[in-house]
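Chains as they are written, first to last, in the numbering used here: chain A, 656 to 1456; chain Y, 205 to 496.
These are computed hints drawn from the structure, not numbers from a lab. Heads up, a few of these hints could be off.
As the list claims (entries may be wrong) - Straight-line alpha carbon distances no greater than 25 Å define the calculated SDA-like cross-link-like pairs of lysine to any residue that follow:
no.: 1; chain 1: Y; residue 1: Lys-206; chain 2: A; residue 2: Gly-902
no.: 2; chain 1: Y; residue 1: Lys-206; chain 2: A; residue 2: Ala-773
no.: 3; chain 1: Y; residue 1: Lys-206; chain 2: A; residue 2: Leu-717
no.: 4; chain 1: A; residue 1: Lys-1217; chain 2: A; residue 2: Leu-1249
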Amino acid sequence: MNAPSKFTFVSSDRRVREDRRFVAGQGRYVADITEAGMLHVAIVHAPHTAARIVSFDATRALAMPGVVAVVEGGELSEGVEPLMNGLDTPKVQRYPLAIKYVRYHGEWVAAVVAQTRAEAEDAAECVDVIYETLPHVIDTEEAYKPGSPPVHPAHGSNVLLDRTFNWGDIDGDFAACDHNLSLRVTWGRSSTVPIETFGVVAMWDPWSETLDVRASIQMPKYADQIARALRLPGNGVRVHYDIDVGGSYGVKRGIKHTVLAGYLAMKLKQPVRLIEDRLENMESGDAHGPDRIFDIDVAFSKDGVVRSMKMRAMDNAGAYAGRAPFQLGKPIGAIVGPYRINSVRYQAVSVTSNKAVQEAVRGFGQSPTNYAIETMMDRVAEFVGLDRVEIRRRNFIRHDEFPYLIPSGTRYDSGDYHVVVDKVMKHVDWDSLVAERDRLRATGLYAGIGISACLEPSGGNSSFEPLLNTANTTTTWMESCRINVDALGHITVTIHTTSSGQGHETLASTVIGEVLEIDPDSIRIVRTDSLTSLPGNSPVGSRMAVMLGGSCFHAANKLKTKMVAIAAKNLGCDVNGVDYSGGAFRARASDKKLSWLDLVTIAHRNYHLLPEGFEPGLEATNVYQVPTGNELPTADGRVQMYPCHSFEFHCILVTIDPDTGKVDLRRYVIGHDCGTVINPHIVKGMTLGGIAHGIGAALLEEFVYDSEGQMLAQSFMDYLLPSSHEVPEVEIVHHCTPSPFTVMGQKGSGESGYLGAPAAISGAVNDAVRTLGIRFNKLPMRMTAISDAIADAKSSTANAR
Amino acid sequence: MKAAAFDYIRPKSLGEATHLLAANEDARVIAGGQTLVPMMAMRLARPTLLVDIAHIDGLSGIADCGSFVTFGAMTRQAQAEKSALVRTRLPLLAAALPWVGHTPTRNRGTIGGSVANADPAAEIPLVLVTLEGSICWTSVSGQGEIAAVELFSGPMSTEMPAGAILTEVRFPVWEGPGIGVGFHEASARRSDFAYVATAAQVQLDRMGRCVRCSIGIGGALAFPQRLPRASKALEGTHLTAQDIASALSSEIAALEIMTDGHASAAYRRRVAGALAARALTDARNQAQGAHV
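Let's have the full structure, built from the sequences with the hints guiding it.
Shown next as structure tokens:
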């Protein structure tokens, strides 16, 4: 850290309290839940990429042992509303099951409900469906063309979104620049693929007319969406938040699974469990990430100062819209990265295709965008003959320019980019890193250094919703906390969402302990359900340190203020005359004291001693609105996106085996500035995991489709996650630039590492092969493709001789 | 991912097991189950009867028989990996075993199961072919021995008679000083299915001349194959880089190489050549060291 901590518990080396039960195998996941009479669901999947359902016959399946019901799309569509659509595209309707048409290979056609999952799977094989195949489209640019086979004929084309923003004098800036260049990079379709697949248990209580939902969920407005789809009042759905979620980073949003299970539970009046198997999770769980082509024109001076950028981002959303197109919107909040780029044209295009549906993935489109921006900076450096670190230094926003307004309307909170880079350069000893690269090259390996500098927008709001959909006027994006002090003086804090491993209990107890000056381990954290909870938006958009932290901070201060007022009355002084320290109260003038328990007793038992107008008991509640971002977008499409901007600078050394093409990460250093760190272990874990995820996106992971629309990566045999063998030791260089917009100066870190790793790895691989005159512009860069390209380059060089 | 219904029987004798297999052509033998169980869970394999051979006496263990070391079919890969006998008598197998799956799969996976499964990318069959070993089988109609170079007939397929149980795997032992081995793999991740795997074992005389050589290629082909011409051509040479390159080139060019979404045929052929050369070079260097 660059500054001594002014905190007692915040930023200190305290263990993560959740870890104890996870390490001991005592997590409680959705698959651990069993209810009396619980039924199991298996899915009938479409065997075609695009087809009309000609006939459906479940007779044989219904006669199988244990089978209770078979439900197809026709019946379901009578009983439920279409799932929520992010964009204003009413003709692109999505239901949990295909209605009349199937639009991607594996799409859910019917649900088979039986006493056991095995029986349900047996019966699913005996559902007889006849299809008539239809033309399909897989390729992104093909889908964008007028006349491509429409995935939703009623919508008229495959274009879900095609909007161009002009922020600033782009044409003037291009005209004023010495040079410009164009490039294209492609981000392959990968995702976060948790070990725990999505699962849900739904239970209908006809007496209270309540649907109880326990799910492996990480999703805003989940209960609302279930209620709306199932035509229940909002208070007819109770989502339980005390379920551990076994990994997510965005994708655990099984709304179609939940609406289907809820429908079945209501229809059958029995608890219904639907847990994706791995094949379903991979092919039809609707949880793939961005699948994106970037075309960039950049204008810059001869000394490498970038003045303007035109970027077209074209994303292949898959068969239905869902929320995925918004992943083109969020990066608008950091569209210039950490750089002083004067003007930007941004064309956001989202098309439908006959691929599986996308879901939110860590960074919500930011990591692909960062990869595009950083590749652009490397190219400009190469063009003007500048060092890649130097060109970034020349373009960085300076520390004294914050808060800094970027062309697209977001004001960056704070940053100290030059200093972070200096610290990393010193840590790696740049000259010796270059010498090491050259030494490795001399041994016959290809060796390269990669760097990337990028932002992690955090403290998530949803400003991209009104920006891309004018029918949406959302500016509220709150998080809540309630603190209760019981009659024995012990503190219980309620938080109002599930956790998928972010360490919310540690976060909340640390912040509240800090404010109240009491041991965080003495604070109990409980999770409510959606009927007893305060409003919140779940842990998305790297927001909980900022938002739950902010809410806890304000609730704790509210409690403290209340207690100080009670103390003042009973100490016979003004509130300003009371000192609070470590849970005790002292009148400065008289030195009279009251203990924590004295206050608790007064609040709970001595109404006669309470200040006038005080409610008995001791509790405080805070509903915290996201700092900044409280306005709708302007007419020209400028808006304040997320409030906080963490910074990361990656510096890595790789080698490539000249024969096999295997990339070996020899050194991995990251400089990281996420403002005030609340728990260093959590931040470190996020960063290391994010880098591992980035290694996967850069080198290994892809949901590959063939031209017929068959998804080829259906298991972990073909969808390659980095293992511990592939993830190197990571050296983290810390820096702390507090955010002026948050209660303790904290920013987000939930996406750290992932946002810059693919760009850095791509830069390093390209540095390694530069002398061959080849480039890799598409992720993932598979070792076999690297090797093939090296071999081609060598043979064409040999032929040229 | 629930297996289709099946029966499961755990016989106590080989005779009982072979009778079960003879009576049901959809029956499958299960040993460690590290391939079969996931295949069944995905319903890509649907045996109606599993015959578990784990509890049959005498099917497990490693024995030195002089000219060869024999492994009972049920011998766990992890047991072989830890065996001092394997290290000293079968250095090529010892070099390959760490590449077989991961520690947890080696704890369950068996030597015999890997050979009978005949995955083109599997390391144990590659070593068996390279060393020109053999397997023994038993069925209701008798028993027999099949040379490794005759055993494999395609991806996941062998020449074992229907209803036979693989009982023993025999790896020849090279005697004498100056033996060295090399083993290389190209795979996307450590211990993934190999795009290409190469194995080499050589013996050098005191002058550094190769007196015996065997090279095998796996992963790139429908089943592992020995390179007999290159192996022969290198005998009598000093295994210089040039000797190696010229011995390998024509035989590798003639191989029938597989292709799939992960790696092109051109990749596999090119890398087969490069890794075979590396395996031979390692083997030579190790053999030279053995004489010092």
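Going down the list of hints, with the structure as the test:
no.	hint	verdict
1	Lys-206/Y / Gly-902/A	holds, 23 Å
2	Lys-206/Y / Ala-773/A	holds, 5 Å
3	Lys-206/Y / Leu-717/A	holds, 19 Å
4	Lys-1217/A / Leu-1249/A	holds, 14 Å
Going through the hint list in order, the structure satisfies each hint without exception.
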